[in-house]
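Enquirer: Each chain, letter by letter, is given below.
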Amino acid sequence: MSVLAALRTQNAVKIRRGLTLPVLLLIFWEAASRSGLVDARFLPSLEDVFLTAKRELVDNNLFGELAASLFRNIAGFVIGSAIGVVFATLLALSRWADALATPSFNGFKQISLLAWIPLISIWFGFGEQAKIVFVAIAAFIPVVLNTYEGMRNVPGDLIEVGRALKFTPVQRVTRIFLPAAMPSIATGVHLGLIYSWLATVGAEYFLAVGPGIGGLIIAGRERFDMALVMVGVIILGLVGFLLNRLAAAGEAYLLRWRVTAH
Amino acid sequence: MSSFTNMASSATGAVGSNKTVGWKGLANRRGARRAAIGLILPVMLVLYWWLASSRGWLPEQILPSPAYVYTTAVEMIVSGEIAYHAGMSLRRVVYGFLFGAMAGLSLGMAMGLSRTVDDYVRPLFLAFAQIPTLGWIPLLMLIFGIGEALKIIVIAKGALVPMTLNTAAGIRSVPANYVEVGRALRFSRLQTLRLIVLPGAAHSIFTGVRYGLTHSWTALVGVELLASSEGLGYLLVWGRQMFWLDVVIVAMIVIGIVGFVMDKGFDLAESYLQRWKRGEA
Chain B
1132 MSVLAALRTQ NAVKIRRGLT LPVLLLIFWE AASRSGLVDA RFLPSLEDVF
1182 LTAKRELVDN NLFGELAASL FRNIAGFVIG SAIGVVFATL LALSRWADAL
1232 ATPSFNGFKQ ISLLAWIPLI SIWFGFGEQA KIVFVAIAAF IPVVLNTYEG
1282 MRNVPGDLIE VGRALKFTPV QRVTRIFLPA AMPSIATGVH LGLIYSWLAT
1332 VGAEYFLAVG PGIGGLIIAG RERFDMALVM VGVIILGLVG FLLNRLAAAG
1382 EAYLLRWRVT AH
Chain H
51 MSSFTNMASS ATGAVGSNKT VGWKGLANRR GARRAAIGLI LPVMLVLYWW
101 LASSRGWLPE QILPSPAYVY TTAVEMIVSG EIAYHAGMSL RRVVYGFLFG
151 AMAGLSLGMA MGLSRTVDDY VRPLFLAFAQ IPTLGWIPLL MLIFGIGEAL
201 KIIVIAKGAL VPMTLNTAAG IRSVPANYVE VGRALRFSRL QTLRLIVLPG
251 AAHSIFTGVR YGLTHSWTAL VGVELLASSE GLGYLLVWGR QMFWLDVVIV
301 AMIVIGIVGF VMDKGFDLAE SYLQRWKRGE A
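So the sequence lines, in the order shown, correspond to chains B and H. According to the working numbering, the residues represented by the first sequence are 1132 to 1393, in order. According to the working numbering, the residues represented by the second sequence are 51 to 331, in order.
Check before you lean on any hint, since a few could be wrong.
What the hints assert, rightly or not - Output of the computed footprint for chain H on chain B, the stretches with three or more beta carbons under 8 Å from beta carbons of chain H:
1. 1247 to 1258
2. 1272 to 1285
3. 1354 to 1361
Simulated from the structure, these hints should not be mistaken for lab results. Predicted, not measured: the structure shown is a model, and the values here were computed from it. Where a beta carbon is used, it is the ideal one built from N, C-alpha and C, also for glycine.
Looking at chain B on its own, in the form it has when it is part of the complex (with noise of 0.2 Å):
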């Protein structure tokens, strides 16, 4: 009991310590824009951030730029990720494939993603379209790589197994491999996931047709509005912020019967 009770203040002095600088930088940020040390239109007074959060959710379908922007988000990331681990698998278990195709993939990963931007929008325009193709791009990558690395590390002893019991391709993959390289998987689709939103932003930033959180921010920049700005970057944070956490607790939950095993 009294060790739950001092762990209880450690937690107290934690959370305590830990809300000290969000709430001295409120309180500085509302002291410096209601006195005017700095100038309202760059440091806009929390009333107003709330009220233009109000503005947008009320008068101006907030909640429809953000269903935009997360049916992208998930759209890309679904056909990426899904192409992704089929390739690697494909890449991990043929000789053949992986001769042809990595040293490919090697390059093509190379280059830094948002530079495919400008190409994407010469092939696909500006539309839908195009920004799901790049953020499958983003997805793609980091699932490839993980689910390549898990499948190439599964152990000798599975595999012989496999042979033991006269297993089909199919089964041997669907049995053994997959299974196997769950673990590695789930980091690449977790990785994948956090890429995709960050490419949703970007999709948005540079082919900045129609609604989405991204618009909004540009939009919100190209007026001056910096309250605006303001949402529409606490809005990513938050977005991504849950975006994670829902990928750390499907990772969880995948990968249970890990838990068991040991």
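Fit chain H to the known structure of chain B by using the hints.
Expert: What follows is chain H alone, placed relative to chain B:
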């Protein structure tokens, strides 16, 4: 120099190291064959590309011929255009990365060494880190304009987050009994830091540098796409606006090569600096 390359190859080729020397020639020949097979796909792609453009399957604005891209590349190299834009980009990355990495190293060390600092700073830091670098650009554009300061800050932020988190984690992971040894030897605080804590955390710090470098490079391309009048990212935007796809493709290739060279250079630097570790493994 030769011992250095030996060390690097033994580090990367650990799997094959139990083979006898006689196998080496065969392995090399097999390696050459694999490399040749790896070239099939790119060669076919270029061939198809060349066919598609020479037969006019796709208009020149959508797919310029490989020969045209090659001519453009040569022209841009000879005229010094590539060197100019790549130089601008590299300068920005170097400055931004150095600022970000130094700040990240200091902050990470403070957080790793002191629980109190960590308790105070971490929640706020994580909240800021949650927002992708790309998200900060419009906000920072309003405050700093679109000058050089904006670019350096955005790139520095890209390096700051992984540097801080990895440095702090690395210092935390130094085994307590190492620190105990230092105490037994009556090391001063500075000695403990220099001889025990930093070497112990080095691997993790390197991971931070690697991610920091990658993030800086991505951030650079992003900020140059949004706001610049020179640099490789600008070359991309400009090429797209003019519908000069040859320029776009050349810029993409240069961006890929620079990223690749930075990555490899970093690999070499790491295996060189960590060479003392080889013996114990």
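Enquirer: Decide, hint by hint, whether the structure agrees.
Expert: Outcome of the hint check:
no.: 1; hint: 1247 to 1258; result: holds (count 7)
no.: 2; hint: 1272 to 1285; result: violated (count 0)
no.: 3; hint: 1354 to 1361; result: holds (count 4)
Figure legend: structure checked against the earlier numbered hints; the only hint not met is number 2.
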